[in-house]
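**Q** Each chain, written out:
Number of protein chains: 2
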Amino acid sequence: MFTLQRGGMTLSSLDERVLHPGVKGLPITEPLRQGAIGVQGWNVLNADTSFPVAVLKTSALQHNLDWMRAFCDRYGATLAPHGKTTMSPQLFGAQLANGAWGITLATAAQVQVAHRFGLRRVLLANQLVAKADINSVLHLMRGDPDFEVSALVDSLDGVARLGEAAAAQALARPLPLLVELGLPGKRAGCRSPEQVMAVARAVAATPGLQLAGIEGYEGLLVSNDREADVREVAAFVARIAQLARDADGEGLFGSAEILVSAGGSAYFDLVARGFNGMRGLSRPVRPVLRSGCYLTSDHGSYQRLIGALDEREARGPGLRPALEVWSMVQSRPEPGLAILTMGKRDASYDIDLPLPLYAHRPGPGAPTVLPEGCSIVKMNDQHAYLQLPEGDPVCDALVVGDLVGCGISHPCTTFDKWPLLLAVDDAYNVHHAVNTFF
Amino acid sequence: MFTLQRGGMTLSSLDERVLHPGVKGLPITEPLRQGAIGVQGWNVLNADTSFPVAVLKTSALQHNLDWMRAFCDRYGATLAPHGKTTMSPQLFGAQLANGAWGITLATAAQVQVAHRFGLRRVLLANQLVAKADINSVLHLMRGDPDFEVSALVDSLDGVARLGEAAAAQALARPLPLLVELGLPGKRAGCRSPEQVMAVARAVAATPGLQLAGIEGYEGLLVSNDREADVREVAAFVARIAQLARDADGEGLFGSAEILVSAGGSAYFDLVARGFNGMRGLSRPVRPVLRSGCYLTSDHGSYQRLIGALDEREARGPGLRPALEVWSMVQSRPEPGLAILTMGKRDASYDIDLPLPLYAHRPGPGAPTVLPEGCSIVKMNDQHAYLQLPEGDPVCDALVVGDLVGCGISHPCTTFDKWPLLLAVDDAYNVHHAVNTFF
Numbered sequence: 001m002f003t004l005q006r007g008g009m010t011l012s013s014l015d016e017r018v019l020h021p022g023v024k025g026l027p028i029t030e031p032l033r034q035g036a037i038g039v040q041g042w043n044v045l046n047a048d049t050s051f052p053v054a055v056l057k058t059s060a061l062q063h064n065l066d067w068m069r070a071f072c073d074r075y076g077a078t079l080a081p082h083g084k085t086t087m088s089p090q091l092f093g094a095q096l097a098n099g100a101w102g103i104t105l106a107t108a109a110q111v112q113v114a115h116r117f118g119l120r121r122v123l124l125a126n127q128l129v130a131k132a133d134i135n136s137v138l139h140l141m142r143g144d145p146d147f148e149v150s151a152l153v154d155s156l157d158g159v160a161r162l163g164e165a166a167a168a169q170a171l172a173r174p175l176p177l178l179v180e181l182g183l184p185g186k187r188a189g190c191r192s193p194e195q196v197m198a199v200a201r202a203v204a205a206t207p208g209l210q211l212a213g214i215e216g217y218e219g220l221l222v223s224n225d226r227e228a229d230v231r232e233v234a235a236f237v238a239r240i241a242q243l244a245r246d247a248d249g250e251g252l253f254g255s256a257e258i259l260v261s262a263g264g265s266a267y268f269d270l271v272a273r274g275f276n277g278m279r280g281l282s283r284p285v286r287p288v289l290r291s292g293c294y295l296t297s298d299h300g301s302y303q304r305l306i307g308a309l310d311e312r313e314a315r316g317p318g319l320r321p322a323l324e325v326w327s328m329v330q331s332r333p334e335p336g337l338a339i340l341t342m343g344k345r346d347a348s349y350d351i352d353l354p355l356p357l358y359a360h361r362p363g364p365g366a367p368t369v370l371p372e373g374c375s376i377v378k379m380n381d382q383h384a385y386l387q388l389p390e391g392d393p394v395c396d397a398l399v400v401g402d403l404v405g406c407g408i409s410h411p412c413t414t415f416d417k418w419p420l421l422l423a424v425d426d427a428y429n430v431h432h433a434v435n436t437f438f
Numbered sequence: 001m002f003t004l005q006r007g008g009m010t011l012s013s014l015d016e017r018v019l020h021p022g023v024k025g026l027p028i029t030e031p032l033r034q035g036a037i038g039v040q041g042w043n044v045l046n047a048d049t050s051f052p053v054a055v056l057k058t059s060a061l062q063h064n065l066d067w068m069r070a071f072c073d074r075y076g077a078t079l080a081p082h083g084k085t086t087m088s089p090q091l092f093g094a095q096l097a098n099g100a101w102g103i104t105l106a107t108a109a110q111v112q113v114a115h116r117f118g119l120r121r122v123l124l125a126n127q128l129v130a131k132a133d134i135n136s137v138l139h140l141m142r143g144d145p146d147f148e149v150s151a152l153v154d155s156l157d158g159v160a161r162l163g164e165a166a167a168a169q170a171l172a173r174p175l176p177l178l179v180e181l182g183l184p185g186k187r188a189g190c191r192s193p194e195q196v197m198a199v200a201r202a203v204a205a206t207p208g209l210q211l212a213g214i215e216g217y218e219g220l221l222v223s224n225d226r227e228a229d230v231r232e233v234a235a236f237v238a239r240i241a242q243l244a245r246d247a248d249g250e251g252l253f254g255s256a257e258i259l260v261s262a263g264g265s266a267y268f269d270l271v272a273r274g275f276n277g278m279r280g281l282s283r284p285v286r287p288v289l290r291s292g293c294y295l296t297s298d299h300g301s302y303q304r305l306i307g308a309l310d311e312r313e314a315r316g317p318g319l320r321p322a323l324e325v326w327s328m329v330q331s332r333p334e335p336g337l338a339i340l341t342m343g344k345r346d347a348s349y350d351i352d353l354p355l356p357l358y359a360h361r362p363g364p365g366a367p368t369v370l371p372e373g374c375s376i377v378k379m380n381d382q383h384a385y386l387q388l389p390e391g392d393p394v395c396d397a398l399v400v401g402d403l404v405g406c407g408i409s410h411p412c413t414t415f416d417k418w419p420l421l422l423a424v425d426d427a428y429n430v431h432h433a434v435n436t437f438f
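Taken in order, these protein sequences are the chains called Y and F. Just so we're aligned, residue 1 is where the first sequence starts under UniProt numbering, counting upward by one. Just so we're aligned, residue 1 is where the second sequence starts under UniProt numbering, counting upward by one.
It is worth saying that the hints were derived from the structure and are not from the lab. As the structure is a computational prediction, the values presented were derived from the model and not from experiment. Even for Gly, the Cβ is constructed at its ideal location relative to N, Cα and C. Hints may be right or wrong, so weigh each one.
Sample of chain Y residues facing chain F (criterion: CB under 7 Å; computed from the structure) [stated by the list, open to error]:
(1) T29
(2) D310
(3) D416
Chain Y extracted, bound-state conformation:
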């Protein structure tokens, strides 16, 4: 059974939290110690919780943890899963207990949260530019000699800002940096190999900074043309690898290992293959994958992408969706329409609207699979519009007070809507809480 890792992470403080009435999903009328959630005997299918409620299926989480560990072992890849997806100390702990080398993050504030809950190694896969944000990261480095953090840089301006801050803070050890390779018309990152090398040389020449690797984000190449994506991702990963060789050829790396990193949640197999077996450099090469969405996957966008990855890997079905949002039919105003007690505050809507999976009349038994043709066609802040094919017996039977379980598309934008999610077994018994810090 899936259990949360506590070693090295100060998670027990979360069990001691007092939760006040008003935390979404919790059916409490008096304050409750978080650690006592598992002994309340709540079951989602029995409608014991408040609705909407976000649930994590622990069997799917553990399957995904195991799957990803085996995947990384197969390719000699290191996993530093992107923590911005969940921002959950308990889930970070589970990832570290299942083979992750560290956690990737996107902002200085996220690094502060991670450090507060005991994380020891963070890859800040982003430029660090604001004075306060640079200082907060350097402050953690200075105050905690065992805390490892590295960040990205993609401009000489960026190098200068970091160099000045490092000098002002008089750090005992240099800040490790990865130079970011970008893509024309896309996000951050140097646009040419020449720029990457110029930035790498500047890092190597700046006291207080250390060149530790080369990085890119191939996830920006996801398009509707899967074959073109695969070619472009492979070429992009090869460019990162070559830049690492070039920088090493000039003796620019100051770190004990050379990091090469890419890998969102769509094409990490191509990244792992592209970095596999890099040898012959002046020091060991560590290929770091940063997929964040593998942990929960989803029922939408990533399920489609992972389906394609499964085909490339040819090892059978891979990651399983672990995150669902359950709500209740609050109104049944027309034959083909049910209004649900969830909305933009509760479930992702940036890539797809939520995907209705199950209906259930509160009580014992397994939920009923909703037929094709059921779809959420719109959400307001606090409502969802579930369109029902008329004449279908399951849909026609749906009444006020029935539960509807939805999958989501893009876990990141569902996690950030829930300060607390409930971890459930396959029978939807609630076993514990998972906190997020956005």
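Following the hints, complete the assembly by docking chain F onto the known chain Y.
**A** Frame of chain Y, contents of chain F only:
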């Protein structure tokens, strides 16, 4: 100057909160008492904060509070602003101190939060269906005899569920309910006058329940055809008023006043006019407007809608945008592109992407207005893509480390991304924090 109301609201406990490093926007490296934020001397334009940061301009907030109070006075309307917009106890306090009669909310969890922070009167403008949610609201009614809460109902099923729960809880006073009139093809609510009357009769006949009013939400009629909207909203409001008369004619109301309620943030003038001067019923009629977005307005969707309202009112410019998100240029990878340190986690994207207003190099002086043609064309979870017209001197001068201030469209979906916002004066000096509880 805008100050937060503390009378009647237990807000001092929020000043005593200890904020840990990692709260978005705060430039802290050690825990800080929230009440001490105002004496830190932080200025956003000086880049003293972390970025991104969400700011509330107190001059605009106070203007909007005053404007809405005068508006309601003019039409004899009562304001119960929708609190789901901000979910901020301090802003609820400011609204109550400036004439609001109560706060409207959307979920039982929101009602619990509001009660925890001292709210005395809540209109839960939604159906209440889950067992735990009904019980949590009835629990507050029973435990706090001075806490007033009413809710909506739109079906006989809903009446039966509430009636059973009220009987089981043996309440000393009945739960006041408003019957919801809906719109064909839209959200919750009865679809015909006959249904409304049937539900109203059922409420009146159920022990533990009390018919208190008739309600609808005209905001669902917002379309691209402003003239048609105006006609349809006026007709919808008239139907609500007539249903109140009909129910009164049958002697169904059990409350001291009859509530008639509608009013999102787009057409509340039409609602106020439609309900103005309702007389001749068996007891006083209270028209309740529920606009939530008036408090901050915005630079997008609501600005457009409010512009049309200003034309109808013909009293000059009305509500002012009070909510901005500031971020920093983290990469300037191509001449026409700047990447900003904010994304889907930080600013609304459901109606429009954020609207870039100002650029500023950290330090003294006023920010520079960005030219037309600057636009956010895309956001990822933690990044925004600012497209810049090439050849414009302001845009060409934008470098890594410059600040960009953005307006947003739809305040509800920006507030829910910030556990804490910073209240600033017109010079962007930080005066205090405003919490949200989503």
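**Q** Each hint should be assessed against the structure and marked as holding or not.
**A** A quick look at each hint next to the structure:
no.	hint	in the structure
1	T29	holds, 4 Å
2	D310	violated, 24 Å
3	D416	holds, 6 Å
In the structure shown, a violation is registered for the earlier hint numbered 2 alone.
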